[in-house]
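Asks: So the protein lines, in turn, are chains A and B.
So for the first sequence, our numbering puts the first residue at 1; every next one is plus one.
So for the second sequence, our numbering puts the first residue at 280; every next one is plus one.
Worth flagging that the hints you see were computed from the coordinates, not collected in a lab.
In this text the structure is predicted, and so the values were computed from the model without any measurement.
Heads up, a few of these hints could be off.
[What the hints assert, rightly or not] Selected chain A positions facing chain B (Cβ under 7 Å, derived; list incomplete):
(1) A57
(2) F58
(3) M61
(4) Q65
(5) V76
(6) L77
(7) I102
Quick reminder that beta carbons are idealized off the backbone N, C-alpha and C, glycines included.
2 protein chains.
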Amino acid sequence: MLKTAEQTKVDIRRLDFAFATGAAVRELCRTGWSDRTTGMARGYYQANLAIVPERYAFDFMLFCQRNPKPCPILEVLDPGDPEIKTVALGADVRTDLPRYRIYRDGKLAGEFTDIRKHYRKDHVAFLLGCSFSVDLLLHQLGVEVPYFDGETGILGAYATSIQCAKAGVFSGPQVAFLRIIPKSVLIPVIETTSRYPLAHGGPIHVGDPREIGIKDISRPSYGEYRPPNEEEVHAFWSCGVTPQAVAMAAGLPELISHAPAHMFVTDMKLGGPATGPFC
Amino acid sequence: MLKTAEQTKVDIRRLDFAFATGAAVRELCRTGWSDRTTGMARGYYQANLAIVPERYAFDFMLFCQRNPKPCPILEVLDPGDPEIKTVALGADVRTDLPRYRIYRDGKLAGEFTDIRKHYRKDHVAFLLGCSFSVDLLLHQLGVEVPYFDGETGILGAYATSIQCAKAGVFSGPQVAFLRIIPKSVLIPVIETTSRYPLAHGGPIHVGDPREIGIKDISRPSYGEYRPPNEEEVHAFWSCGVTPQAVAMAAGLPELISHAPAHMFVTDMKLGGPATGPFC
């Protein structure tokens with residue numbers, strides 16, 4: 001079951017899966033899709049992946065619990081177990097994401113589309129909430145979501161001066177991502193996102209990027225930037241890249257994550273039934 | 280700073296602290312109060328305490344995450360750290376509860392009003408949500424809260440046939456507690472409690488106790504029972520005793536908890552600002 005990503009791309013466009021189910025997108029990932037999940041399975045929760053060695057698992061979970069805005073926990077697997085039990089019944093964390101990264105001693109060691117060869121018995125997988133989950137609601141409020149109307153575009157992410165609460169070896173600043181928000185809908189945007197703590201909740205800052213330590217807004221660490229016009233403002237949300245950045249800074253001997261924007265898509269819909277972590 | 284509980288009881292009545300702050304009740308516990316916290320500091324979150332050896336901490340936290348109804352996590356302390364950092368700034372988990380229990384190999388080994396001699400560097404303290412937190416709201420809806428109008432009375436708790444999701448050595452049935460609810464306010468009671476997932480959220484069952492495996496409702500495992508009249512129904516909520524029962528069943532070499540109904544009272548008010556685990 002080798003992925004033939006380049007060939008798949010020719011046949012399949014992201015927007016064909018805009019309103020597909022989470023299960024359909026995961027099936028696509030297992031059989032060849034190795035591109036970003038932005039704009040796909042709209043209205044479903046997407047998730048960040050962080051896999052850490054078991055001896056770091058308690059400290060990492062503690063870090064997530066103490067920093068619920070950047071690290072909302074959706075599900076944590078038993079050590080060595082690749083099977084997701086709650087947010088996507090029967091899915092396999094080793095194959096069902098489009099693209100993975102492996103870091104060793106805090107440095108990128110490789111990018112993979114399947115990690116079955118790399119997933120060990122002492123690995124613990126964390127699925128953490130992702131902001132893509134609320135894209136559909138924001139789009140309905142009139143917020144620009146760059147990848148909703150075309151195949152490309154990605155939001156910018158930035159290191160900030162806001163420090164996370166420490167836990168064991170894990171500490172460091174929050175990473176935030178930027179949305180350009182029309183001033184006319186700023187309040188409903190705050191209200192709406194605040195209702196979804198498992199997708200990072202409300203923003204952590206609105207206005208001048210320098211107030212949260214971002215010196216050059218035009219140069220995101222990841223993604224793209226366009227300046228707001230006079231009717232718009234900068235608004236920042238806690239980003240799910242934070243736990244990865246913190247684990248890298250701790251020089252963890254091993255960390256496996258999704259590649260940026262190449263997320264795990266769950267079976268849980270926004271506004272779905274209240275069950276498990278969603279109750 | 281020896282406690283002179285019996286003497287204190289003569290001078291202080293629980294109802295004098297009905298509308299005290301969480302900090303005032305903790306001060307009282309440090310200086311002599313060793314009785315239940317039912318009906319005290321109304322409107323403040325109260326918490327269950329479970330202290331486990333560090334090598335069980337990840338599995339126990341995983342158990343809590345997988346069973347958010349009985350085990351909503353308010354705060355977890357660093358191994359060996361007695362100081363609460365978030366839900367009650369600067370409070371000491373070893374002295375600020377009125378009464379503790381120590382279990383060894385699954386059996387009660389003693390009851391204490393102070394655990395400074397027993398709290399070790401490899402101990403990890405978990406504060407988990409408690410239903411007393413929503414008593415004031417239910418009372419305002421017209422629900423009987425037996426200890427609100429007098430000094431005595433306690434709700435009944437029961438083992439059920441509802442199994443918790445397993446994590447490591449931790450598995451077993453949910454413990455539920457019973458409230459007698461007037462049928463006329465059942466829906467607002469469900470709506471109201473559902474808004475407070477950190478105080479066990481909505482009920483897990485309404486109606487016939489046998490449907491959740493309770494054979495003799497007149498004999499609670501803990502607490503008291505009075506039958507409903509024709510205008511009332513039985514309603515059950517997940518109980519914070521569940522993690523204790525599960526840890527005891529696992530035969531944990533050591534477990535320290537609050538004594539039943541002798542809770543930790545936090546600084547967090549229902550309807551307070553959205554911060555930390557309350558956001």
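Asks: Confirm or reject each hint.
Replies: Here is what the structure says about each hint:
1. A57: Holds, about 5 Å.
2. F58: Holds - the Cβ of A:F58 comes within 7 Å of chain B, reaching about 4 Å at its closest.
3. M61: 5 Å, holds
4. Q65: For A:Q65, the interface hint holds, since the closest Cβ of chain B sits about 6 Å away, which is under 7 Å.
5. V76: Holds, because the Cβ-Cβ distance from A:V76 to chain B comes to roughly 6 Å (cut-off 7 Å).
6. L77: 9 Å, violated
7. I102: Violated. Min distance 22 Å.
Of the numbered hints stated above, those contradicted by the structure are hints 6 and 7, listed in ascending order.
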